[in-house]
Amino acid sequence: MSELPIPSPSPDSAAREVADHLLPSAGPALIQVRGVGKTYFRGKEPTAVLKNLDLQVPQGAFEALMGPSGSGKSTLLNLIAGLDRPSSGSIVVAGADLTHLSDSALAKWRARTIGFIFQTYNLMPVLTAQENVELPLLLTSLPAKERRRRAQTALRVVGLADRMSHYPRQLSGGQEQRVAIARAIVNDPMLLVADEPTGDLDRQSADEILTLLLTLNRDLKKTIIMVTHDPAAAARASRTRRLDKGALI
Amino acid sequence: MNLVGVSVKNVGRNKLRTLLTVLGIAVAVVAFVLLRTVLNAWTVGADFAAKDRIGTRNKVTFIMPLPKRYLETIRSVPGVVDSCYASWFGGKDPNHEREFFASMAVQTQTFFSVFDEIVVAPADKERWLGDRKGALVGDVLARKLGWKVGDKVTLTGSIYPGDWQFQIDGIYGATRKVVDRSSFFFHWDYLNESLPEGARQRDQIGWVTSRIKDPGRAADISQAIDKIFDDQEIQTLSMSERAMNMSFLGMLSTVLKAIDIISLVILAIMMLILGNTIAMGARERTREFGVMRAIGFLPHHIAISVLAESLAVGALGGCLGLFLAYPLVQGGMGRWLEENMGSFFPYFHIAETTALAAVGLALLLALIAGLLPAYRASRLHVIESLRRVG
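From first to last, the protein sequence lines are chains A and B. Numbering-wise (this note's numbering), the first sequence opens with residue 20 and increments by one. Numbering-wise (this note's numbering), the second sequence opens with residue -19 and increments by one.
Because the hints were derived from the structure by calculation, they are not lab data. C-beta atoms are modelled at their ideal positions from N, C-alpha and C, and glycine is treated no differently. A portion of the hints provided could be inaccurate.
[Claimed, not checked] Footprint (simulated), chain B over chain A, 3 or more residues, beta carbon under 8 Å: (1) 100 to 106; (2) 122 to 130; (3) 145 to 151; (4) 155 to 168.
[Stated by the list, open to error] Over the 12 Å line for every Cβ pair with chain B, so calculated as not near, a few chain A residues: (5) Lys63; (6) Glu82; (7) Gly192; (8) Ser224; (9) Asp226; (10) Leu231; (11) Pro250; (12) Ser257; (13) Thr259.
[Claimed, not checked] Below, a list of computed lysine-lysine pairs in the BS3-like style, where the Cα atoms sit at most 30 Å apart: (14) B:Lys72 <-> B:Lys157; (15) B:Lys(-11) <-> A:Lys127; (16) B:Lys113 <-> B:Lys72; (17) B:Lys(-11) <-> A:Lys164; (18) B:Lys128 <-> B:Lys105; (19) B:Lys193 <-> B:Lys48.
Same shape as in the complex, but just chain A:
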């Protein structure tokens, strides 16, 4: 797994200082969620999805978030990934206080820090596997040759060295999800967020994807937060947290 050309960046000193302060015994906390609430409005009707939620996830963890539909799992995941903003409270991830970042700073932070894995893979059908993986690197100043090399390395990491020039329609569901994982790790992010990554897969493919995530966590030290409905998937994580009605139980 040392093939990935970019070494994992460690949290900067400010982030480590905060993490040490918050979690002196459990190692540095990569994610700190404090008193977070999220309320959506349907017309003038408020709906509280998350209520005064506190959460700390240490660096290098592989955690599963479970709960019934509407419990706030995906909302929490989106807040941690910097895709949405909380209505109250604060979220600090990898030393960055997301609540104070501008939209454009948040986008740049996501590009550096977060790898996304979606339930439906969300690959671009007009791009090959290699081009799909290369997509996040278009935001960097890397030369084209280096971008290609890194995309190929990421595909090798997920076991798709022989499928680089295949289009998504030429791949199985499990292979598509592997390409999506390669796209998620190509920038060497600190945190992988996975929203039902095995939700569309058969049991065997799901097991392979979970094994791959476990490998990324164990060998490449990626911190992983995974939303899932599947107890078997949650069982592969080192810790499972449960949400119900917007609160951790």
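Given the coordinates of chain A, work out where chain B should sit on it, guided by the hints.
Frame of chain A, contents of chain B only:
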């Protein structure tokens, strides 16, 4: 691979839709090129008119005649080298009733010195000048109607009723492309002498064309000619050949303006077709835009992506349209028009400016068509985009 490259690849996502849109744009470009070429062909005669020639006609309207005696007065104006009068005959070949061609009775003695772009074999020229019933016809007209030197032809007159007998004495070509090679010239004397004594049209001419020494003095000489006839019963209006051609076109100005507007309306329709396609494509890619925004792309990246796709489709359509326009408009239709309607379209070719304008406007309108979909795509909320199905 770069962001623009990704956008261009998206053009091939829905091949049928893209193909139909590109064809729609191409047809619009062909129609635009055709209409602009019609406009150009109509005005090209005026643009390429001889600079050292002026025309004199009845001040009221060019369909009213002038007395023949005016010729000598005009010829005596300082700066005028030579003059030639002519009358519109309006004849038709009864064997080819539907073929239109210009037929004119001209003063043969000065014809070649005033219209020096007319080229005819010396023997034919000599024969025509000496044959009172002789006719000189353009090579395009002769080819179309199957006439050759020595043929006897009969024209039926509309302005001068009756059947008129002629012998084809010569076939002319031209040194310049814009000269109508579908005209029928014959002796004005033959026409005049055939009219009964005392007939209203006798000794009347349609207009006088004069060659002048200094093209820069065309306006002064025109003024000088008109001034002479100011106190006469019939006043004249003189102007450069170009201005005269333009005044003739002025009568068609409403038609020309309508063609102009239609050509722009066609482009506007093209823009709407393209805008609709781009908007549909952008809507279908909402989730992808959500993914791009999630992994760090900024709103302006999304806008560039949509605009690049729109420009790519516009460029494809514009280039295909131009590729089709040359054989269709210039090759097939242009040749047919030059041969069959040479009086109106002596030189029917696509101008470089028209070709450039067609592609340039296709790109510009593609850019405009993509603006609204690009703006809307760039404003999408990440979470909402990722939730969107289909």
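Consistency of the hints with the structure:
1. 100 to 106: holds (count 3)
2. 122 to 130: holds (count 5)
3. 145 to 151: holds (count 3)
4. 155 to 168: n = 5 at 8 Å, threshold three: holds.
5. Lys63: Non-interface label on Lys63 of chain A holds, nearest chain B Cβ at 19 Å vs cutoff 12 Å.
6. Glu82: holds (20 Å)
7. Gly192: holds (17 Å)
8. Ser224: holds (21 Å)
9. Asp226: holds (25 Å)
10. Leu231: The claim stands: Leu231 of chain A keeps its Cβ more than 12 Å from every Cβ of chain B (closest is about 19 Å).
11. Pro250: Non-interface label stands for Pro250 of chain A: nearest chain B Cβ at 25 Å, farther than 12 Å.
12. Ser257: holds (25 Å)
13. Thr259: holds (24 Å)
14. B:Lys72 <-> B:Lys157: Measuring from Cα to Cα gives roughly 25 Å; hence the hint holds.
15. B:Lys(-11) <-> A:Lys127: holds (25 Å)
16. B:Lys113 <-> B:Lys72: holds (16 Å)
17. B:Lys(-11) <-> A:Lys164: holds (20 Å)
18. B:Lys128 <-> B:Lys105: holds (14 Å)
19. B:Lys193 <-> B:Lys48: holds (23 Å)
Hint violations for this structure: none, all hints satisfied.
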